[in-house]
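Enquirer: For the protein sequence lines, the chains are A and F, in the order given. Taking the numbering used here, the leading residue of the first sequence gets 1, the next gets one more, and so forth. Taking the numbering used here, the leading residue of the second sequence gets 1001, the next gets one more, and so forth.
Rather than coming from a laboratory, the hints here were simulated on the basis of the structure. Incorrect hints may appear among the rest.
So these bits of chain F aren't anywhere near chain A, every CB distance computed over 10 Å [unchecked claim]:
| # | residue |
| --- | --- |
| 1 | 1006 |
| 2 | 1037 |
| 3 | 1171 |
| 4 | 1226 |
Each computed DSSO-like pair below joins lysine-lysine, with the alpha-carbon atoms no more than 30 Å apart [to be verified]:
| # | chain 1 | residue 1 | chain 2 | residue 2 |
| --- | --- | --- | --- | --- |
| 5 | A | 68 | F | 1095 |
| 6 | A | 68 | A | 142 |
| 7 | A | 151 | A | 173 |
| 8 | F | 1154 | F | 1079 |
| 9 | A | 79 | F | 1115 |
| 10 | A | 141 | F | 1079 |
| 11 | A | 74 | F | 1115 |
| 12 | A | 102 | A | 116 |
| 13 | F | 1077 | A | 68 |
| 14 | F | 1077 | A | 166 |
| 15 | F | 1082 | A | 173 |
| 16 | F | 1077 | A | 38 |
| 17 | F | 1095 | F | 1079 |
| 18 | F | 1077 | A | 141 |
| 19 | F | 1049 | A | 38 |
| 20 | F | 1154 | A | 74 |
| 21 | A | 117 | A | 141 |
| 22 | A | 159 | F | 1077 |
| 23 | A | 69 | F | 1400 |
| 24 | A | 38 | F | 1111 |
| 25 | A | 38 | F | 1115 |
| 26 | A | 102 | A | 159 |
| 27 | F | 1154 | A | 166 |
| 28 | F | 1111 | F | 1082 |
| 29 | F | 1095 | A | 141 |
From the structure, some residues in chain F lie toward chain A, with a derived Cβ separation under 8 Å [what the hints assert, rightly or not]:
| # | residue |
| --- | --- |
| 30 | 1060 |
| 31 | 1065 |
| 32 | 1113 |
| 33 | 1138 |
| 34 | 1326 |
Glycine included, C-beta positions come from ideal geometry on N, C-alpha and C.
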Amino acid sequence: MIRRTIFRTVFLIFVVTSLSTQLLAVSETQIKAVFLEKFTHLIQWPENNNSEFVICILNDDNFAQTLKKVYAEKDFHTKKVNIISVLNPKDIPSCNLLFIGKNTRNAKKITSSYAKKPILTVSDHKGFISDNVMITIYLNKKRFNYIINNKVAQEANVKISYLLLKSAQEVIK
Amino acid sequence: MNAFSDFSIKSKLIIAIITLLFMALSTYSAFILFVNYQRSTEALLSESKLQSQLIADYAVTPLLFSDLSGGAEVLNKLKGIKNINAAIMYDESGKQFASFTRKSNTKTYAKSINKFVDSNQFIGDEIIISTPVSYNGLNYGVILFYVSTEQIPKELFSYAVLLFFGIIILMMLSFIIIHRVQNYITLPIINLAKTAQEISLSEDYAIRAQKMYTDEVGHLYDDFNSMLEKIEQRGREREEAETISRTYQAHLERLTNELEERVKERTVELQESLDRLQSAQSQLIESEKMSALGNLVAGVAHEVNTPLGISITAASIFKNEIKSIQDMLSENKLSKSALDHFIETISEADEILIKNLDRAALLVRNFKKISVDQSSEEVRNFELNTYLKEVISTFKSELKHRPVELKLELDAEPINMHSYPGAISQIVVNMLQNSLLHGFDYDQAGEITLITEHKENSALIIFCDNGTGVDDSVSQKIFEPFITTKRNRGGTGLGLNITYNLVTQHLGGSIKLDQDYEDGARFIIEIPYNIV
Chain A
1 MIRRTIFRTV
11 FLIFVVTSLS
21 TQLLAVSETQ
31 IKAVFLEKFT
41 HLIQWPENNN
51 SEFVICILND
61 DNFAQTLKKV
71 YAEKDFHTKK
81 VNIISVLNPK
91 DIPSCNLLFI
101 GKNTRNAKKI
111 TSSYAKKPIL
121 TVSDHKGFIS
131 DNVMITIYLN
141 KKRFNYIINN
151 KVAQEANVKI
161 SYLLLKSAQE
171 VIK
Chain F
1001 MNAFSDFSIK
1011 SKLIIAIITL
1021 LFMALSTYSA
1031 FILFVNYQRS
1041 TEALLSESKL
1051 QSQLIADYAV
1061 TPLLFSDLSG
1071 GAEVLNKLKG
1081 IKNINAAIMY
1091 DESGKQFASF
1101 TRKSNTKTYA
1111 KSINKFVDSN
1121 QFIGDEIIIS
1131 TPVSYNGLNY
1141 GVILFYVSTE
1151 QIPKELFSYA
1161 VLLFFGIIIL
1171 MMLSFIIIHR
1181 VQNYITLPII
1191 NLAKTAQEIS
1201 LSEDYAIRAQ
1211 KMYTDEVGHL
1221 YDDFNSMLEK
1231 IEQRGREREE
1241 AETISRTYQA
1251 HLERLTNELE
1261 ERVKERTVEL
1271 QESLDRLQSA
1281 QSQLIESEKM
1291 SALGNLVAGV
1301 AHEVNTPLGI
1311 SITAASIFKN
1321 EIKSIQDMLS
1331 ENKLSKSALD
1341 HFIETISEAD
1351 EILIKNLDRA
1361 ALLVRNFKKI
1371 SVDQSSEEVR
1381 NFELNTYLKE
1391 VISTFKSELK
1401 HRPVELKLEL
1411 DAEPINMHSY
1421 PGAISQIVVN
1431 MLQNSLLHGF
1441 DYDQAGEITL
1451 ITEHKENSAL
1461 IIFCDNGTGV
1471 DDSVSQKIFE
1481 PFITTKRNRG
1491 GTGLGLNITY
1501 NLVTQHLGGS
1511 IKLDQDYEDG
1521 ARFIIEIPYN
1531 IV
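Isolated chain A (complex conformation) (with noise of 0.2 Å):
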């Protein structure tokens, strides 16, 4: 009953959105955080005996607690979901999923430290594609779009559904 209720509110706060994503700024959070949720279901882990789903956000507290809000009824796959704000990198490698917050300043840096580790990089900052962030979400036109790096995710082996790639507005391969 809740998750439909939240599944509505969702839908709702997503047609708004695309109304005019200007107007409600602050739901603005809450919808990437339903697309964070959503990026889970079409793409792959490599096969690990972890009893839950780590999700780090790194750099922006809101978007954490927003995303706590939408994971509080829902596991990921038979995994419990742990959602955690980053505070030292040193703590990244235990992620499964690192939302790297904007105003991430070095951003290139922490990718780079993890290349080729099963993270699942994810940035609401459009320019940290180049950055080799694998997916980046950003407004276009009063609509969310995303770009994927697949070649970043196919060298971390993090699978990503050709369903999510034929959707997104980018692939870089």
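Dock chain F against chain A, hints included.
Expert: Okay, now just chain F, sitting in the frame of chain A:
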């Protein structure tokens, strides 16, 4: 069917092959159309399912991200596929998410559904294909495809038209080929039939059928010609036989005519001989009758003579005694004892006289009666046993000088007859005379037995003797005229023949010689009680 039977072999062959070809092609076409229909339906279903799955794949992202315009965009890809009437995308809650409906389609579709199964069903002229939208085991919604099947019958119809014209062209080609090829089959048969007809009309069996090929019909020609040869041969033989027959027939007719002439001549001669013979027979019969009557008269005369002689003696005794008593009376010497002697003598003489005169009178009466019976042919009532005794009484003189005893074994019951007594008396006399003449020598002792018995509707009179019997050579024709073994000793050969005629023709009875009787001769006569 009868009309078809009267068609020529050529027409029958063509019709049969064309009909067979048409039926085969039609059946094959129907089968092809059916298979095509099945394949078209399966292909449409398979193609539509593939399209549905592709669209479902495309729909994952719009449904996942609740992208309405993306969903509509995905469904709009179906515009180019004309047989899809509509496609409706439902989200995971079952609510309509996006839809595509062709402009010409005015149908309305469900706003929500509650089934997310992978299925397909045929409803009317549509196939409804339900394809779940899922990824990695997670279900995001369902897409319903409404695929039109109208195209299939249209395609099939076009195909059927094509097949129909194909069949028509094929049949026309077949007709031309069959028309040409059938000559190889029918022409020899037609020629053979014409030859047979020509032979039938002209009756000329020298004609021969000209063989065209060496196939089965060719063999038929050979057999037909062989048959004609045999018929011709038989015809020649028959003509020869007829010529011979005609010659023989003419000869036979000539012989027959000659024979007929001879027969006529002989018949006239025979008729004359027969007339003479019948005349002689009548004379002989008459003389036989007269002879029998003479014998009867002689016998009766002899019989009457005895009592009359005794009567004369008795009368002379009367005369002597009366004279003696008259003399005694005139001399007054009549004594009582003399008178007593006279009375006693007279009484005895009287008694003898009366007795013998009565006997003579009886004999005369019997003779009269029998002679009347023999000379007349009247029917009357009489008792057979009594009558036979009377007849025998007139015959005793015949036996008197012979050592042959006549025994009567007459039935105890009276045998009443209504018949010709004269004929019976003549039969009895003839049979007794026959026995005496043929059965015994003159001095030979013997016995003749006359037996009478009752039968159902007739009386039996059996004559048997213990004489010499009848020789086998004679027994078979004993009743034929002029058969006798004593022709030079008084036999005329007519006695038994007359008896036979009297019994069979006059009295309506039967007479036979008992062939099994070995002690002499035994004749069995059966006479109806009442003459018809």
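Enquirer: Work down the list of hints and note, for each, if the structure agrees.
Expert: Hint-by-hint comparison with the structure:
Separation of residue 1006 of chain F from chain A is adequate, the least Cβ-Cβ distance of about 79 Å exceeding the 10 Å criterion. Listed as outside the interface, residue 1037 of chain F is consistent with that label: its C-beta sits roughly 37 Å from the nearest C-beta of chain A, beyond the 10 Å cut-off. The claim that residue 1171 of chain F is not at the interface with chain A holds, since no C-beta of that chain comes within 10 Å of its own (minimum 57 Å). No Cβ of chain A comes within 10 Å of the Cβ of residue 1226 of chain F; the nearest lies about 91 Å off, and the non-interface call holds.
For the given pair, residue 68 of chain A sits about 28 Å from residue 1095 of chain F by alpha-carbon distance, which is consistent with the 30 Å threshold. At roughly 25 Å between alpha-carbon atoms, residue 68 of chain A and residue 142 of chain A fall within 30 Å of each other, so this suggested pair holds. For the suggested pair residue 151 of chain A and residue 173 of chain A, the alpha carbons sit about 5 Å apart, so the restraint of at most 30 Å is met. A C-alpha spacing of about 21 Å is found between residue 1154 of chain F and residue 1079 of chain F, which places the hinted pair at or below 30 Å, so the restraint holds.
Proximity of residue 79 of chain A to residue 1115 of chain F is assessed by CA-CA distance (about 28 Å); at most 30 Å being required, the pair is judged to hold. At roughly 27 Å between alpha-carbon atoms, residue 141 of chain A and residue 1079 of chain F fall within 30 Å of each other, so this suggested pair holds. Between residue 74 of chain A and residue 1115 of chain F the alpha-carbon distance is near 24 Å, which keeps this suggested pair within the 30 Å criterion. Only pairs whose Cα atoms come within 30 Å are accepted, and residue 102 of chain A paired with residue 116 of chain A is accepted, the gap being roughly 22 Å.
Restraint check: the Cα-Cα separation between residue 1077 of chain F and residue 68 of chain A comes to about 38 Å, which exceeds 30 Å; the hinted pair is violated. The suggested pairing of residue 1077 of chain F with residue 166 of chain A holds, with an alpha-carbon distance near 15 Å, which does not exceed 30 Å. As the CA atoms of residue 1082 of chain F and residue 173 of chain A are separated by approximately 36 Å, the hinted pair breaks the 30 Å bound. Restraint check: the Cα-Cα separation between residue 1077 of chain F and residue 38 of chain A comes to about 24 Å, which is no more than 30 Å; the hinted pair holds.
At most 30 Å may separate the alpha-carbon atoms for a hinted pair to count; residue 1095 of chain F and residue 1079 of chain F meet this at roughly 23 Å. Distance hint between residue 1077 of chain F and residue 141 of chain A is fulfilled; the C-alpha atoms sit about 23 Å from each other, no more than 30 Å. This hinted pair checks out: residue 1049 of chain F and residue 38 of chain A have alpha carbons roughly 27 Å apart, not beyond 30 Å. Using a Cα cut-off of 30 Å, the hinted pair residue 1154 of chain F and residue 74 of chain A is violated, with the two alpha carbons roughly 53 Å apart.
Between the alpha carbons of residue 117 of chain A and residue 141 of chain A the distance comes to roughly 34 Å, so the proposed pair goes past 30 Å and is violated. A threshold of 30 Å between alpha carbons decides the hint, and for residue 159 of chain A with residue 1077 of chain F the separation of about 27 Å falls inside it, so the pair holds. Taken as a hint, the residue 69 of chain A and residue 1400 of chain F pair is broken in the structure, with Cα atoms around 182 Å apart against an allowance of 30 Å. Only pairs whose Cα atoms come within 30 Å are accepted, and residue 38 of chain A paired with residue 1111 of chain F is accepted, the gap being roughly 25 Å.
Restraint check for residue 38 of chain A and residue 1115 of chain F: the C-alpha separation of about 24 Å stays at or below 30 Å, so the hint holds. Distance restraint check for residue 102 of chain A and residue 159 of chain A: the Cα-Cα separation of roughly 24 Å lies within the 30 Å cut-off, and the hinted pair is therefore satisfied. The hinted pair formed by residue 1154 of chain F and residue 166 of chain A fails the criterion: a straight-line CA distance of about 38 Å is larger than 30 Å. For the suggested pair residue 1111 of chain F and residue 1082 of chain F, the alpha carbons sit about 23 Å apart, so the restraint of at most 30 Å is met.
The hinted pair formed by residue 1095 of chain F and residue 141 of chain A meets the criterion: a straight-line CA distance of about 28 Å does not exceed 30 Å. Interface restraint check for residue 1060 of chain F: the shortest CB-CB distance to chain A comes to about 5 Å, inside 8 Å, so the restraint holds. A least Cβ separation of about 6 Å between residue 1065 of chain F and chain A falls short of the 8 Å threshold, and the interface hint therefore holds. Below 8 Å, beta-carbon pairs count as interface contacts, and residue 1113 of chain F has none with chain A, the closest being about 16 Å; its hint is therefore violated.
Contact between residue 1138 of chain F and chain A, as hinted, is supported at the beta carbon level, the nearest pair being about 6 Å apart and thus within 8 Å. Below 8 Å, beta-carbon pairs count as interface contacts, and residue 1326 of chain F has none with chain A, the closest being about 200 Å; its hint is therefore violated.
When the structure is compared with the earlier hints, violations turn up for hints 13, 15, 20, 21, 23, 27, 32, 34 and for no others.
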